[in-house]
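Colleague: Sequence:
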Amino acid sequence: MIGTPLRVGRQGVIRFLVEAQHLRHSASPDSRATATPAAVLREIRHLECVQIDPVSVVERNQHLVLAARLPGYRPQTLGELLRRRRVFEYWANAACAVPIEDYPLFEGTRRRFRRRLAPHLTALRSVVRHVLAELDARGPLTARTFVSDHRVRGAWDLGDPKTKATSHALSLLL
Numbered sequence: 049m050i051g052t053p054l055r056v057g058r059q060g061v062i063r064f065l066v067e068a069q070h071l072r073h074s075a076s077p078d079s080r081a082t083a084t085p086a087a088v089l090r091e092i093r094h095l096e097c098v099q100i101d102p103v104s105v106v107e108r109n110q111h112l113v114l115a116a117r118l119p120g121y122r123p124q125t126l127g128e129l130l131r132r133r134r135v136f137e138y139w140a141n142a143a144c145a146v147p148i149e150d151y152p153l154f155e156g157t158r159r160r161f162r163r164r165l166a167p168h169l170t171a172l173r174s175v176v177r178h179v180l181a182e183l184d185a186r187g188p189l190t191a192r193t194f195v196s197d198h199r200v201r202g203a204w205d206l207g208d209p210k211t212k213a214t215s216h217a218l219s220l221l222l
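So for the sequence shown, this note's numbering puts the first residue at 49; every next one is plus one.
If you are wondering where the hints come from, they were derived from the structure by calculation, not from laboratory data. Just so you know, not all the hints are guaranteed correct.
Restraint-style ranges between C-beta atoms, simulated for each label pair [claimed, not checked]:
| no. | residue 1 | residue 2 | range |
| --- | --- | --- | --- |
| 1 | Gly127 | Arg163 | 28 to 34 Å |
| 2 | Arg58 | Gly187 | 43 to 49 Å |
| 3 | Gln69 | Arg186 | 34 to 40 Å |
| 4 | Glu137 | Thr52 | 40 to 46 Å |
| 5 | Arg173 | Leu71 | 44 to 50 Å |
| 6 | Ala116 | Arg199 | 34 to 40 Å |
| 7 | Ala171 | Gly127 | 29 to 35 Å |
In this text the structure is predicted, and so the values were computed from the model without any measurement. Positions of the beta carbon are idealized from the N, C-alpha and C atoms, including for glycine.
Given these sequences and hints, build the entire structure.
Modeller: In structure tokens:
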């Protein structure tokens, strides 16, 4: 049974959307708390994921999103959550930081990716082994951490191979 339609004015809709996204500090449960790792994790859980974007005019997207919602947020807090494996990076329509408890939800997608990317990973077998060994030994690392003169044709290369083999391996492993 459908009830009576709810009538809401434009300002009410705006207020609802701003508060639902925790963009009004008084609406966020952690608005008066410091941006502790626990508070940042709660915010990522509320948002379900935070898009990671390496483009940085003022600051990287993931840090702007969290700083807008949590006063006192520091970028190293997200890095800490990644290192402690409370969140993980995954391709959820875009590169995102996702709460670790959602990891099983992506198994079907990971399986399809593994099948599709297997030939590419096989071609880079030694590079993939090196990258995985470094990640295992040192924890989360950026593509810049890996030094490589070996160039391959990456997803965005139209002509000659320009992508570092290690960077390409990382993007395939994501």
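Colleague: Run every hint past the structure and note whether it holds.
Modeller: Evaluated hints:
1. A hinted range of 28 to 34 Å holds for the C-beta pair Gly127 and Arg163, which are about 32 Å apart.
2. Distance hint for Arg58 and Gly187: a CB-CB separation of about 48 Å, consistent with the stated range 43 to 49 Å.
3. Distance hint check: the CB atoms of Gln69 and Arg186 are about 35 Å apart, consistent with the given range 34 to 40 Å.
4. Separated by about 45 Å at the C-beta atoms, Glu137 and Thr52 satisfy the suggested range of 40 to 46 Å.
5. Taking 44 to 50 Å as the suggested C-beta distance range, the pair Arg173 and Leu71 conforms, at roughly 46 Å.
6. As the Cβ distance of Ala116 to Arg199 is approximately 38 Å, the hint placing it in 34 to 40 Å holds.
7. Ala171 and Gly127 have their C-beta atoms about 31 Å apart, which keeps the hinted 29 to 35 Å range intact.
Hint compliance for this structure: no hint is broken.
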